[in-house]
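Asker: Fit chain B to the supplied structure of chain A, relying on the hints for placement.
In order, the protein sequences belong to chains A and B. Start counting the first sequence at 1; every next residue gets the next number (the UniProt record's numbering). Start counting the second sequence at 1; every next residue gets the next number (the UniProt record's numbering).
Keep in mind that the hints were calculated from the coordinates and are not lab data. It cannot be assumed that every hint is accurate.
Below, simulated DSSO-like cross-link-like pairs (lysine-lysine); rule was C-alpha separation at most 27 Å, straight line [unchecked claim]: (1) LYS193/A x LYS421/B; (2) LYS466/B x LYS38/A; (3) LYS410/A x LYS355/A; (4) LYS96/B x LYS135/A; (5) LYS135/A x LYS136/B.
Owing to the predicted nature of the structure, the values given are computational and were not obtained by experimental measurement.
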Amino acid sequence: MIHSLFLINCSGDIFLEKHWKSVVSQSVCDYFFEAQEKAVDVENVPPVISTPHHYLISIYRDKIFFVSVIQTEVPPLFVIEFLHRVADTFQDYFGECSETAIKDNVVIVYELLEEMLDNGFPLATESNILKELIKPPTILRSVVNSITGSSNVGDTLPTGQLSNIPWRRAGVKYTNNEAYFDVIEEIDAIIDKSGSTVFAEIQGVIDSCIKLSGMPDLSLSFMNPRLLDDVSFHPCIRFKRWESERVLSFIPPDGNFRLISYRVSSQNLVAIPVYVKHLISFKENSSSGRFDVTIGPKQNMGKTVEGVVMTVHMPKAVLNMNLTATQGSYTFDPVTKVLTWDVGKITPQKLPNLKGIVNLQSGAPKPEENPSLNIQFKIQQLAISGLKVNRLDMYGEKYKPFKGVKYITKAGKFQVRT
Amino acid sequence: MSPRCHPSLYWNTHSCPTPSGLSPEKTEPLTVPRGASPCHIPTSRLQGGWHLGPRSILVALLGCHCNSTRSPASAALSTLTWCRHDDLKEMLDSNKDSLKLEAMKRIVAMIARGKNASDLFPAVVKNVACKNIEVKKLVYVYLVRYAEEQQDLALLSISTFQRGLKDPNQLIRASALRVLSSIRVPIIVPIMMLAIKEAASDMSPYVRKTAAHAIPKLYSLDSDQKDQLIEVIEKLLADKTTLVAGSVVMAFEEVCPERIDLIHKNYRKLCNLLIDVEEWGQVVIINMLTRYARTQFLSPNQNESLLEESAEKAFYGSEEEDTKDAKAEAASLAKRKPYVMDPDHRLLLRNTKPLLQSRNAAVVMAVAQLYFHLAPKAEVGVIAKALVRLLRSHSEVQYVVLQNVATMSIKRRGMFEPYLKSFYIRSTDPTQIKILKLEVLTNLANETNISTILREFQTYIRSMDKDFVAATIQAIGRCATNIGKVRDTCLNGLVQLLSNRDELVVAESVVVIKKLLQMQPAQHSEIIKHMAKLTDNIQVPMARASILWLIGEYCEHVPKIAPDVLRKMAKSFTNEEDIVKLQVINLAAKLYLTNSKQSKLLTQYVLNLAKYDQNYDIRDRARFIRQLIVPTEKSGALNKYAKKLFLAQKPAPILESSFKDRDHFQLGSLSHLLNAKAVGYQELPDWPDEAPDPSVRNVEVRGTPRCTWDILRLGHLAGVLGELQKVPHIPSLSDSEESGSSSSSGTSSSSSEEEDEEEEEEGSGEQSEEKEGEEEEEKRKKRKEKGGLRKASPGSAGR
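Chain A with its partners taken away, still in its complex shape (with noise of 0.2 Å):
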């Protein structure tokens, strides 16, 4: 299956390689550089790339390419998956999936990588075996293993392997047992030039931090269930139980963890929270244009609108902007042509306005394309679609566990065309 994997950073270099068969020569890279290169844009380099004796198979994760060399069919997605499955694995260990990271802790990502894989074949990939085997490093560790010389490899053994439950690791224990669950909801919506919207959808997943000793039965349930159109699960969630009741019923695995994804039905109509006033225009001839975009909230069922940003590619005849906004600030980098808008909170009293001059390359024919607006938004306390947590019983163990919910809606992706 996955015969080698190579991690290299945005300027090209191979900052790590790891075989799991046979060596496979760096030069095999090279196949890939020059695919990138084609590629122009990072985003636009093929995920597969056939090369005369192998197969790369690569992804673009944190500003690291990880390109695994592939030498028989398998399916593209299995790889795919488990490279993400590594760069997650790797954010979990050490905050952060980073070029500087990854290179501070070679070691415990080798090691890492030895037991992820076995002749190219995933062996280990949950997190809670992976911990049990190779603890993740702390700052207090690794002062005490200077002292102590003791090492960063569990000498317990990986009793999860074993389970049926291998997410869970044996023996938890915590003074104080908590459980909570994030409920986020994001909209992804396009709004055409006229204001309606040509499609809205809110996609959920529930993010959940358990620390609960021993071995929690959990069930949640919600009050209005009907809502989840489709869902997806954490293998801990036995599914019949959903089928029948409706009711999510699992062993969590120790720690923070995506306990369900889901999307509410298209037949809801999704209430758009804000709305945006536009006018973006052109003028023929004379080397300039008009900007003027105000956002309003909508629908927001008596919750304030934060974390309000506005970004927007403009057409690369643009050369400067001269803006002023009533609320908060922008900044436009003329390299890139990205114009952000960091607006802050919305009050409906004073809805937040930036306004002013476009400056055009002069010569240059007026842009045909107006730029679409990309805009993020965050609402605390609100699931948009309405979805409910009724209630969360614990069975097995005896102790009474503190739980919390909490409910955020964001804007997925969010573009109004103009």
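Answerer: For chain B alone, coordinates are given in the frame of chain A:
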């Protein structure tokens, strides 16, 4: 001190690991000069830049002073390499684990960088029996990396692993086997074979899993062992634990994918275990079972496909033929037995369906392709929702999923129609994703939704991404050819684009308009005139060639303009691209035949220019055309037919999706993505005409069933009692059980055999496992202390 002192210093030092971890005491031995020092490091490997502190430079300088008899450059190199590694060797030889660990860490960091550390092999291999678990692990990492290169020395470590294989602790046994099998040294093949065989009947499922992993490793080392390995695979396939299932199927796929007969007896078990296998194993098993099902069951769509064909014929064919056909078909339908789905086929479909809810995209894709290839038409729809969900994932996942959706949407358009809007394009999508989404949108277009799709396309055309705009124009062209109703609208839209300021957009439009006009040229002489004017401005060769071809082909519709265009082109002939030149010749020939009065001289001129062109294709073409159209005494019979040859009715091109017929590759595979057979790709066989004997999958029940089966029963029991929460250590297992039980009740009476069998198993399994469940609850703590050893013993009890 600066590196300028010795020119060679820069790259010499590159061969050394980072000295950042060194304390002054540790560096001291480095300065001690040694005798002749062999340099093992091939210079080709020395690359990349390790950051060097001043200390290492000092070391290097001291080193070369001591060896002043040799040339400074080589001395610096060899001494440095020697000294540096000497330091590591000393650390490895020390009694302190912490020093060993430090040394190993630095060596592993070198390996990670792609640096050669092979000369340390003897020093490292000594530590293979080290007590410290981290040192040991790092030594394993080193060993697996370099054993291939230093086979003789690697043999030194074998005895340690052999000892490890006998260890009472299952995890040590497993890790010994893992490393032993990863060392690619051909001499130890017999030892590996023996170890695998032994491990395959180990009482611990974890060791058996490791044995399954070792099989492909041995196979790639020595394919002569195939027969013996197949025996082991056969044995492991019969294993009833979820832990082993994925790994052994993986081994099966790599060693003997053609031995489909080995699966028969294990088919039902694999179906039932599937939901509890770890996610990577699920992917492999599902893909294998797809192939298996294609060989063993009948097509669930056979009747429908016949019906459909006849319906289509009824639509097109003349009535007489039609009735005949219908009769014949009715007869053939009657001859065929009414289709009843094999209960095993049903079992597979039912047990894979819940996996569409997996968080792992690869699993979802595997199930989706299984349904696409195996399910009756009416049921395939369930996968659409899951696939659309994957579109929200990482862009690489989107890329792969969209490729597959594009293929599926050609065959089963209805499936994705409700999700049309999910394929709408955002300006922030990467271009490759945009183009794939466009492909899907085009495939989904039909009479009812075309107006919304075209409106959407209109916004795309104004995008800043020109490649994407070009693709959109192509897509509009395809919509226009496929859906007659909107052809005129599309054509008008495209003509408007001809006045676009971007040349690429105009060029692409010209090419597409040319294709569209070929369908109904008579009504569109205005457009042709419009395009003739464009020859003055447009520079893109393909577009120019298209315009010229169009004018030549329909010169009768534009009798006044055509000769004028030829005149202009004759003027600029020498500066044109080759494809344009060929079309100029073509245009000249056609005009000569239809309007020789006006264009005779021009044609002669063009042909003369072409005669002396640098490109031999153009010279050849000119010579050929001159013979054909200009009558001389030598020219043969063909001359009379020149007009027919040039101005024959030409069929309009069919604009097709590039994803058509890609579904002969198994979806979700690498081969499908590349549209070329990848190494090791297993063809997806066609359905058989006659179903093979289904009884091969019957399994005799013997003895007390063990392990997972039992746990399954227990889960069932618990489910029935509604006490699921009290049995916390059997989480999702209960699901598969419930689906399993409903499966036996849900299938038709033909599965009664299977049902009996299951019940029997249940009866015997329940009690023993119930006890075991209690036991497990009580002894959980004890078990933990014993490091999981206890866990294996219930499994071994059955033996």
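Asker: So which of the earlier hints does this model not fit?
Answerer: none
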